[in-house]
Structures are given as C-alpha cells and as structure tokens.
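Model the full structure from these sequences, guided by the hints.
Line by line, the protein sequences give chains A, B and C.
Every letter in the first sequence is one number past the one before it in the numbering used here, and letter 182, counting from 1, is 163.
One rule links them: number in the numbering used here = place in the second sequence (from 1) + 5.
One rule links them: number in the numbering used here = place in the third sequence (from 1) + 321.
Quick caveat, the hints were computed from the structure, so don't treat them as lab data.
Where hints are given, some of them may not hold.
Reference excerpt, derived from the structure (chain B facing chain C, CB under 10 angstroms, subset only) [said to hold, decoys possible]:
1) VAL51
2) PHE56
3) ALA98
The C-beta atom is built at its ideal place from N, Cα and C for all residues, glycine as well.
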Amino acid sequence: MSVLDIKNVTKSFSTTKAVDDFTLTVGDGELVCLLGPSGSGKSTLLRMIGGFETPTSGVITIDGEDVTRVPPEKRPTGMVFQSHALWTHMNVFKNLAFGLKLRGLPADEIKRRVEAVLELVGLGGYGHRQTTQLSGGQQQRVALARSLVLEPKILLLDEPFASLDQHLRERLREEVRDIQQRLKITTLFVTHGQDEALALADRIVVMRDGRTEQAARPDVVYREPATPFVAGFIGTMNLVDGTVANGRFAHSGFTVPLPVGDGAATLAVRPEALEIVPASGAGMAKIHRVTDYGTHAIVDIELPGGVRLKSMTREARDWSAGQSIDLKPRAFAAYRDNAAIHRSN
Amino acid sequence: MARALTERRIDWTGIFFAVALTLVIVFPLLVVGTWAFTNVWRYPSVIPQEFGLKFWYQTLARADVWSAITMSLSLATMVTLLSAIICLPAAYAFARMDFPGRNILFFSFLAGHAFPKFGLLVAIAGIFLSLNLIGTFWGVVLIQLVGTLLFMIWIPVAAFQSVDRRMEEAARDVGAGPFRVFWSITLPQAGPTIAAAVLLSFVGTFYETEGAWLIGAPQIRTLPVLMISFINNQPVIQYGAVLSVLLWIPSFIALLFARRVISSGSFARGFGA
Amino acid sequence: MTTTPAIDIVGTKKSGRPIGLLLVAAPVLLVCWMVIWPIISAIARTVWLPNEGSGRSFSLETYAFFFSDQYSINNLTVTLWTTGVTALLLLLICLPIALYLRFAKGRLAAYVQGLAIFPMFVPSIILSYAVIRVLGPNGTVDLLLNSVGLPHIRSPYLTPWGPVIGLVWDNIPLTVLILLSGLGNVSNQSIEAARDVGAGRFALLWHIILPRISNSILVAVSFTVLGIFSAFTLPYVLGPAAPEMMGPFMQRTFRDLNDPTNAITQAVIAFAFCIVFGLFYVRSVAKNRAP
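So this is what it looks like as structure tokens:
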C-alpha cells in the first residue's frame, strides 16, 4: 500500500530544472534514502513533499489525497532540518508542545505526549532545558522529537546529521533506524553520504540532475549499479573507458574477455574484485603505491595510459611500488550508453 | 615568562587616555550633577557652600517645566508609535519579500543623510509654511518622524534577516499559519534588536532639538527647547542643572538596554564605517 | 543544502509583489514628501522668484545677494573655519584613541572605549550647559585656577572656539566607532609581517595602517562635515552672535526675520558645499549594506 505518490514532478528555478520529471512511490513504513551529490535535486524534492516549495508541474499525493498545492502547515508531514532549526526562545518542552497547542490539545495530554517522545529519543527529563544548552546531537534529537510528537504520516529528514562528527552521526543513524522501525513510520531521508544510505535504507533512490539514476534495495544498488554514475557514487569503484573488439575489452594493454558486441564500453570493477598477479610478460600495469591498513592493503595501480585503479589485497608485503603486474578482475560490470550491458559474477 | 612580563608592563598610553577622557568627558557632567544638588555655591569657593534639594522643589514647581515634560513625552511616544507602525512592516517586507525596486527603495532612506540636516529642516519648514504646519504638534511629529526612519527600518531589517528561515519553516511544518509563525517565531527571535531600535528612536526623538525649535517654537515647547531658553535667559544656574539631570534619565535607560546593539558592529556599519 | 530564495514558501510567491510594495509604501512616500520634494522645491523656489507682475521668473537674485552681503560671507567663512578645525581636531584626537583600542585588550581598554562612546548618550543641549558651567566665565576651571592663585582663562564661551569644543566633544563617539571599524580590516598578520621585515611604529602606521583605513577616515570626515556644517544647537548656545554659523543664521533668517526665501537660499548653499561629502558618505554606507 502506498502512502506517498510522486508523479512526474518537475521543479524549475528560472533556467535550471532542480527536479526533472521525477516519479516515486513509497510504501507504508518504508524508509527511503534519497542519495546524490550536491545539486542533484534531492533536497528540493524533499522540500516539495514537505510543502515548502511548489512543483512547477506534476502531482504529489499522500494517502491518496492530492497535496501538491497544500501549504506545509496543512500536510501530515514532519520535517527535520539540517540546521535543527530549534526555536531558541523556547525551551525543549515548548518546542515540542508548540504544534500540539496549535491543534488545541488539553495541557495534560500535551505533557504526556511530549514526555513520551522525549523518552523515546533518549532525552527524558530534558523538557525544562534551554535548546542552546544542549549539545549538537541532543539538539538534533529534540528536532526529531518535535516532528515525531505530532505523529506525522511521513517523516522527512534533510541531511539531519551533516553537521555532526562521524562518531555521533553513526550513533544517531542507528537510533533513527530503531525509532523508525518501532513506530513503523514512513520516512524519507536525504543524504549525500553513501554509507549512511547503505546503513539505513529499505530502498535507495540515487539522484542525479533531478532525475532517478536507480531506485533499489541497498544491496542491489551496491552489487548491481544500474549506471556508471551509480557505480562510481556508491562505494569505491574502478571505472575504465575502453573499446570492445571480438569479445575482448581493451584499454592500453589491459584486456578482459567481454562477450558483447563491438564498440565503446566502460568497465566497472570493485577494488575487492580486482585481483593482481605478478606480470608474466611485459605486464598490463605498474604498482604506484601500496598502503597498509592492517586488516587489508590497498594497491594503487597505474595503467600505461595514466588511468589509476585500486585493488584490495590481504598482504601488503607481497607487493612493492614500481612492480609490473597483470590484472585479473574476478567480477565486473560493463556499461554502454549509460546502461549495463554485461555483469560477470 | 615573556607573557608574564608583557602583562606586568604598565599600559601608559591607556592610563593617559583614561585620565584625559575622564577629565574631558566625565568631569563636566559631574559639575552639572553637582550644581543640581547645590543650594548655595558662590565664587570663588571650590566646593559648594550648601548642598540640598531646594532647587529641585523650585524647578518641579514650575508650570513650564511640567508642560515641557508632558509635551516631550507625548511627542516622543507619538513619533515612536507612528514610526513603529509604518517602519516595522516595511522592514519585514524588505527583509523577506521580493518586489520591484526593492534595493533602490531600501537605499532611498539614506537620502536624508546626504544633506546637512539643518539645511534640510529649513527646506521642509519652507513647505510647512504653506501648509500651516509651523508651530503645530503634528508639524513637529512629522519632522521628527522622518528623523527616525533610517534607524527604524535598517536595524529591524537586519534583525529579521538574522532569523533562521528554517526556524520559520519548522513552525509551518508543525501546523502554524504564516501569521502565527510571524507572531510566535519571527517576532520573538528579532524582538530584542527591534526593541533596542524602538528605544533608540524614542530617546533620539526625546532629545531632538533642532526640528522642534525651528518648526515648533514657541507654541510647542519640548524639554530641550525649554533648556535653551533657560540657558539664554535664566539667571538661576540650578534650574538648568536640575533640568539637565531630568533630561538625562531616558539616556541612562537607553545606556542600560541598548549597549549590546551599539557595541555590535552593525551599528557603526549603519553609519558607513 | 541550496539556500532558498525568500519567495519559496507557498503563498507568498504570487502575492509577494503587491503586498511587499504596499508594506513599504508609507515610509517611502514619507521620504519622498519630506526629503526629496523639499530639496527640489527649495532649489526651484530660490531660482524661480516672484517678479514685478503676478507670475514668477528665473532669477539668481537671492544667491547674488548672499555672495555680495559681507555679513552672509562672514557667516559662511566662520562655518567653513569651524568645520575644518573641528574635523582636523577630531581626527587628531580620535585616530590615536582608535589605534589604541584596536591593539589594546583588558579592563583599561574597555574603560577607555566606554568613555569614548559615552558622549553618544549625552544630548547636545546638556553638553552645551556643561561647557558653560566648566569653561564659561567664573566656571569650574576658573574656580580651580583661582584657588591656586592663577589668572582666569579667556573663556571660549561666545567665541568661535565655543562651538568647536562642543562639536568635537559631541562627535568623538561616532568618529572613534567608524575609525575602529576601519581598523578592524587591518589584520594582525599583515602588521606582524610588516614588523617581521623591520617596520618601526611610524613606518607601520604610515605604510600599512593608514592606507588601509583611508576610506574610513574619509567616511568619518564626510560624516563630520555633514553634521557640523549646519549644526544648530551647539553654535546657537555656545557661539558668538556675529558672525554666526550657517545653522543659527538660517534659523534667524527664517523665524526672526521671517524671510523664508533667503533662509532657503542659505540652505541650498549649504547643500552645495556638502554635496561631495554627502554623496561619498551615502555611497560608502550603501556599499556596506546590501538589503
């Protein structure tokens, strides 16, 4: 059952299209991550769902009701902003109670609900605190609580942890996931961090220039990226442009069997799938640098044309800079005209 | 070690400025304050022969003093009120809305500051002459109102602009309409700075002498105008001293509350620094 | 992540234009009526004078009168003298204070800054009274000199120096604030770098600091000129009866002589003398402040 339906939505700012003919359906209780680089239109899309911007064309429906032109205060959505946007002239309790008061709830009911939500986000007893006295993580929890207390049909998070440090970000990410699963609340989460998307999402929508590049489960997006852009954006990916002739892909000495028709192609190989062996002849490439991370090592490889690749190996000691090597991709994908034409697993 | 040495070095320049400024700035005002509480101080005694509140009773018993106080307070209140009514919505529009000519209209408030002020007042008075506004309450209100416009628009514009838009959006998100957002979020956030601007405009109007003298006198007599005639015509020195202390009370209040705004850079920037 | 233009919240976009103009209409119209129109009208009515008949015709008679009348010329001269002397004294006094405040820290510096800004909170009429009580005949300075057996000072009260003292006192705060704000643009690193290559105190001031704050100095001078050229209260109370500064002169011509045309002529002449400073001042303010 779908809660949110976005149909052919376009948003133009003067000359540029921030969101371009975008369509997405989100099911009940689903957590969808909108992932993309800056300027890919993901925040604009979220703001249109929240009602802060009006689509130039297209329709947004929530629970079957057209909300395309409904102002934010009349929508069943709750937004958590990147800058937390807490009202600094109110204490924590008043920040949470404001929306409930507008709905005319009795004082004891407001108190009960605010305290319950504060408990949920791990800030029980913080009601009387001033928002400016809280740490960055606590402020973001209050912002989350402020949205949750109104029991919205859809929770919208706009890069909520971008201003926090790595450690805190990971912890809050897990908390959000726990709360979301407990409340079974439909959630849209905007981020430009692929690890955040992979850790959180039921489904990832990778966006680029206002369009969907791929919308799929995290493991699918990771293992079977639909386009070279997705392949390059999620995780580390070696991308090599070359030509296919007679069932063999070639890029200046580096060749791989590729059973597709002749023509240009882009080869995509994960570092963990790119095996290297000491050169049998002249060698396909040279080792540029070896970096030891303890648990594994990353070998930087330079192809004769100057293209750099990465390979992940167990042992750093087996390799040294300047060494001639051959490349043996264990698993790879090939793209032509922005679409996958081959996958080997 | 080096740090301790520099800290112990005596700041002679600072001491010089502190002493010189104390002598030049504070000392004259202390003399006035002393005169206000002096019953008898005959030349050539260095200190007064007799302290007391005699002249406070005498000054406050004068009808012209009371009517001037009432006039000054009602003028300043009326001007500040009118200024707030017309300027604050305009400031909000400048800060948050887009309309044709926004920039040029915003800078039009500088026009009055490109000319020597008293010359402008004389030019305005030339127009008021034909409108029969000379010597009337509303004539003085108008001329003082113009003097408050720049402050009452530029400072609140900065205040509104510094309110985080996401805060307002968050309020829309939880169900507040545009007016509720303005009332519950924007205004309280911008409030302290706007209050300081209102206070400054009240105090500035209270002390405005030149427009009141040129347009209002002798029918409209404010405290500063009365003070001029005391200086020119009043042989009893203490009347002027008592009036000075009375006159300074609004300044003292402004000093307590507006310090934050004045010490912030935006205030000096308003003067083109 | 992209900053959103102000018009994006639903509802304000379409209605924003007329409402915005409507909200700013009252103060803008007030400026037009009370600033722009009086200036245009002042120029128009002083060059377009009533003639013998019933109509008006072009004439520069009032200006010719001003510049042929010795009394008017004396008044203009004393105004120019006062403006020049006051501006110079203000720079000589305020620049060292601002330099000190820029580089000093601690409680003493805070005290000096507090004192330098304090005159902003003293209305000029109280200041006039205080100057008379301290420097006037038999004032406090006379009392103190007398008590140690020294002769009286020649009191500046009712001489051209009276307004100068008052105007300098009155203008210290804003001059210091403007200069201090300019000095804020001179980074500590640039000064340390200059010292590193061997610049002494005066080389530092002359080659590094002054060039950086020249604009602020010009702004401070412009602001002072605009304020002093037509100052009224301080010259009226502290200055001599003749020659008088332009402010009291205009006031007397307008009210006491009941001659608005000549008073407005004097105002237009004051505008002409200040126009360069006025335009420079407005330009600097506008440059610093985008809406």
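Hints, verified against the model:
1. VAL51: Because about 5 angstroms separates B/VAL51 from the closest Cβ in chain C, which is inside the 10 angstroms limit, the hint holds.
2. PHE56: violated (16 angstroms)
3. ALA98: It holds, given that the least Cβ distance between B/ALA98 and chain C is near 4 angstroms, below 10 angstroms.
Of the hints listed earlier, the one the structure fails to meet is number 2.
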